[in-house]
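Dock chain F with the ligands against the given chain Z, drawing on the hints supplied.
Residues per chain are reported as follows:
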Amino acid sequence: MGKQFIPKITVFHCINVFGDGEFLLPPEKQDAAVEFIKLPCSSMVKDVFLLRAFESGADAVLVLVCPEGACRYVEGNLRAKKRVGWVKNLLDEIGLDGGRLALFNVAADDAAAVEQIIVQTLSQLADLGPSPAA
Amino acid sequence: MIVGEQKSIAEIKNIVSPYKKVLILGCGTCVKTCFAGGEDEVAVLASALRLAFKKDGRRIEVEEFTVERQCEDEFVQESAEAIARNESVLSLACGAGVQAIARRYEKTPVLPGVNTTFLGVLEKHGLFTEECSGCGDCQLAVFGAVCPFTRCAKKLLNGPCGGSQEGKCEVDPDTECAWSLIIYRLKLLGQLDNLRAYVPPKNWCASGACGPRKLIREDHVL
Ligand code: SF4
Ligand code: SF4
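Heads up: the protein sequence lines correspond to chains Z and F, in order. Residue numbering for the first sequence follows the numbering used here, starting at 1 and increasing by one per position. Residue numbering for the second sequence follows the numbering used here, starting at 1 and increasing by one per position.
One thing to keep in mind: the hints can contain errors.
[What the hints assert, rightly or not] No farther apart than 27 Å at their CA atoms in a straight line, the calculated lysine-lysine pairs in the DSS-like style are these:
no., chain 1, residue 1, chain 2, residue 2
1, F, Lys-155, F, Lys-202
2, Z, Lys-46, Z, Lys-81
3, Z, Lys-88, Z, Lys-46
4, F, Lys-55, Z, Lys-88
5, F, Lys-187, F, Lys-168
6, Z, Lys-81, Z, Lys-38
7, F, Lys-168, F, Lys-155
8, F, Lys-13, F, Lys-54
9, Z, Lys-3, F, Lys-54
10, Z, Lys-46, F, Lys-107
11, Z, Lys-82, F, Lys-7
12, Z, Lys-82, F, Lys-124
13, F, Lys-187, Z, Lys-3
14, F, Lys-124, F, Lys-168
15, F, Lys-7, Z, Lys-81
16, F, Lys-55, Z, Lys-46
17, Z, Lys-46, F, Lys-13
18, F, Lys-168, F, Lys-7
19, F, Lys-55, F, Lys-7
20, Z, Lys-81, F, Lys-55
21, F, Lys-107, Z, Lys-82
22, F, Lys-21, F, Lys-7
23, Z, Lys-88, Z, Lys-38
24, F, Lys-7, Z, Lys-46
25, F, Lys-155, F, Lys-214
26, F, Lys-124, F, Lys-154
27, F, Lys-214, F, Lys-187
28, Z, Lys-88, F, Lys-13
29, F, Lys-187, F, Lys-124
30, F, Lys-107, F, Lys-214
31, F, Lys-54, Z, Lys-46
32, Z, Lys-88, F, Lys-124
33, F, Lys-124, Z, Lys-46
34, F, Lys-55, Z, Lys-82
35, F, Lys-154, Z, Lys-88
36, F, Lys-202, F, Lys-168
37, Z, Lys-46, Z, Lys-82
38, Z, Lys-88, F, Lys-54
39, Z, Lys-81, F, Lys-124
40, F, Lys-202, F, Lys-187
If you're looking for bench data, these hints aren't it; they were derived computationally from the structure.
Next up, chain Z with everything else stripped away, as it sits in the complex (with noise of 0.2 Å):
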């Protein structure tokens, strides 16, 4: 018998989405590994980064960036979204699936979309398996 998947995702978040957040997952997801990495902005959020994250043993990277129009530095979420989708074609070049990284709009402090997009990562996982590079 192999071991149990325990599945790891990193979320980078924007610290006007939420600072420090407590999430509740279901009782069926809470064996997952979820780390948090805040950022002053979504677009500090470098290609190299994401790609460590990985490297670290992540099996889906999320980042989480304020409403379109909303950023407060004006286009920090547009810059993070065109990175996200940088690194997700170099993910699919290195055969991890460029689909195990993924970027999400959230209004500041809903707590439930943050909540949902973790419930719908782990789904994904469930099908994915472990990142074959972890």
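Relative to chain Z, chain F with the ligands alone:
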């Protein structure tokens, strides 16, 4: 600046596959500006390669280092220790940088990680355009500072081809017709008469067709 583009991960993986220890060597000048080989690109490529090989169940040690300019021996020397620790070097400089590294570290395989593409201009953030072919005999004074040798798809030196439409080149409608630009600029400068003068065929020797070129500044050579 010299503009280049990083090779695909698949090609780079293939090039470095015989080695277990690879130094990715960046260059902090032209290729940094065009996002092909500066410190950030070195870090991204190193991480991507580690992930790619780990996925394949292969271990490879990837070290990262960036020098100011790979085309100057003074800076090249700074990489000596890092090169000595590795079996090969993947250079993210232009082709000149790759060769400068190989010249100094003769026994180390030095591999190219970038396709050196053209001499160009940063038109806006993320957009680079080709402007000069380094022909060795610059005639921009005649052409209102728009180079037909580089920017006209047919390299015409004595006027447009006749296929230009609404300022766009017939070879590629997304590219401006160099001759349309030349005429526009000469009009602005009041120098349309320049077009009456016959421009003789180019001396291709000055462009490198007679072998590699060399520039000697006697006053700087000891
Ligand atoms: S004429 Fe020659 S040197 Fe001048 S811009 Fe054109 S290619 Fe470059
Ligand atoms: S359309 Fe203009 S740029 Fe294109 S080939 Fe003709 S003259 Fe040259």
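Hint by hint, here is what the structure shows:
1. Restraint check for Lys-155/F and Lys-202/F: the C-alpha separation of about 10 Å stays at or below 27 Å, so the hint holds.
2. Our distance criterion of 27 Å between C-alpha atoms is met by Lys-46/Z and Lys-81/Z, whose separation comes to about 11 Å.
3. Proximity of Lys-88/Z to Lys-46/Z is assessed by CA-CA distance (about 13 Å); at most 27 Å being required, the pair is judged to hold.
4. Only pairs whose Cα atoms come within 27 Å are accepted, and Lys-55/F paired with Lys-88/Z is accepted, the gap being roughly 16 Å.
5. Straight-line distance between C-alpha atoms of Lys-187/F and Lys-168/F comes to about 18 Å, which keeps the hinted pair within the 27 Å bound.
6. A C-alpha spacing of about 16 Å is found between Lys-81/Z and Lys-38/Z, which places the hinted pair at or below 27 Å, so the restraint holds.
7. Straight-line distance between C-alpha atoms of Lys-168/F and Lys-155/F comes to about 15 Å, which keeps the hinted pair within the 27 Å bound.
8. Taken as a hint, the Lys-13/F and Lys-54/F pair is honoured in the structure, with Cα atoms around 12 Å apart against an allowance of 27 Å.
9. For the hint linking Lys-3/Z to Lys-54/F, the alpha-carbon distance of about 19 Å falls within 27 Å, and the restraint holds.
10. Of the pairs offered as hints, the one joining Lys-46/Z and Lys-107/F is violated, with about 36 Å between alpha carbons and a cut-off of 27 Å exceeded.
11. Taking the CA atoms of Lys-82/Z and Lys-7/F, the gap is about 20 Å. The hint holds against a cut of 27 Å.
12. For the suggested pair Lys-82/Z and Lys-124/F, the alpha carbons sit about 16 Å apart, so the restraint of at most 27 Å is met.
13. For the hint linking Lys-187/F to Lys-3/Z, the alpha-carbon distance of about 75 Å lies beyond 27 Å, and the restraint is violated.
14. For a cut-off of 27 Å, the pair hint linking Lys-124/F to Lys-168/F stands: about 20 Å separates their Cα positions.
15. Taken as a hint, the Lys-7/F and Lys-81/Z pair is honoured in the structure, with Cα atoms around 23 Å apart against an allowance of 27 Å.
16. Between Lys-55/F and Lys-46/Z, the direct Cα distance comes to roughly 22 Å. Compliance with the 27 Å bound is thereby established for this hinted pair.
17. At roughly 23 Å between alpha-carbon atoms, Lys-46/Z and Lys-13/F fall within 27 Å of each other, so this suggested pair holds.
18. For the suggested pair Lys-168/F and Lys-7/F, the alpha carbons sit about 30 Å apart, so the restraint of at most 27 Å is broken.
19. Taken as a hint, the Lys-55/F and Lys-7/F pair is honoured in the structure, with Cα atoms around 20 Å apart against an allowance of 27 Å.
20. For the hint pairing Lys-81/Z with Lys-55/F, the CA-to-CA distance comes to about 26 Å; that is within 27 Å, so the pair holds.
21. Taken as a hint, the Lys-107/F and Lys-82/Z pair is broken in the structure, with Cα atoms around 41 Å apart against an allowance of 27 Å.
22. Distance check on the hinted pair: Lys-21/F and Lys-7/F sit about 19 Å apart at the alpha-carbon level, within 27 Å; holds.
23. At roughly 21 Å between alpha-carbon atoms, Lys-88/Z and Lys-38/Z fall within 27 Å of each other, so this suggested pair holds.
24. Straight-line distance between C-alpha atoms of Lys-7/F and Lys-46/Z comes to about 20 Å, which keeps the hinted pair within the 27 Å bound.
25. A hinted pair counts as satisfied when its Cα atoms are at most 27 Å apart, and Lys-155/F with Lys-214/F qualifies at roughly 25 Å.
26. Between the alpha carbons of Lys-124/F and Lys-154/F the distance comes to roughly 26 Å, so the proposed pair stays at or under 27 Å and holds.
27. Straight-line distance between C-alpha atoms of Lys-214/F and Lys-187/F comes to about 37 Å, which puts the hinted pair past the 27 Å bound.
28. Simply put, Lys-88/Z and Lys-13/F have alpha-carbon atoms about 18 Å apart, close enough for the 27 Å limit, and the pair holds.
29. For the hint linking Lys-187/F to Lys-124/F, the alpha-carbon distance of about 26 Å falls within 27 Å, and the restraint holds.
30. Proposed proximity of Lys-107/F and Lys-214/F is supported: the alpha carbons are some 26 Å apart, at most 27 Å.
31. Restraint check for Lys-54/F and Lys-46/Z: the C-alpha separation of about 22 Å stays at or below 27 Å, so the hint holds.
32. Of the supplied pair hints, the one linking Lys-88/Z and Lys-124/F holds, its CA atoms being roughly 24 Å apart against a limit of 27 Å.
33. For the suggested pair Lys-124/F and Lys-46/Z, the alpha carbons sit about 20 Å apart, so the restraint of at most 27 Å is met.
34. Only pairs whose Cα atoms come within 27 Å are accepted, and Lys-55/F paired with Lys-82/Z is accepted, the gap being roughly 25 Å.
35. Note on Lys-154/F and Lys-88/Z: the hinted pairing is violated, with a Cα-Cα distance of about 38 Å set against a maximum of 27 Å.
36. Of the supplied pair hints, the one linking Lys-202/F and Lys-168/F holds, its CA atoms being roughly 25 Å apart against a limit of 27 Å.
37. As the CA atoms of Lys-46/Z and Lys-82/Z are separated by approximately 11 Å, the hinted pair is consistent with the 27 Å bound.
38. Only pairs whose Cα atoms come within 27 Å are accepted, and Lys-88/Z paired with Lys-54/F is accepted, the gap being roughly 18 Å.
39. Among the hinted pairs, Lys-81/Z with Lys-124/F is consistent with the structure: their alpha-carbon atoms are about 19 Å apart, no more than 27 Å.
40. Taken as a hint, the Lys-202/F and Lys-187/F pair is honoured in the structure, with Cα atoms around 25 Å apart against an allowance of 27 Å.
Checked against the numbered hints above, the structure breaks hints 10, 13, 18, 21, 27, 35 and satisfies the rest.
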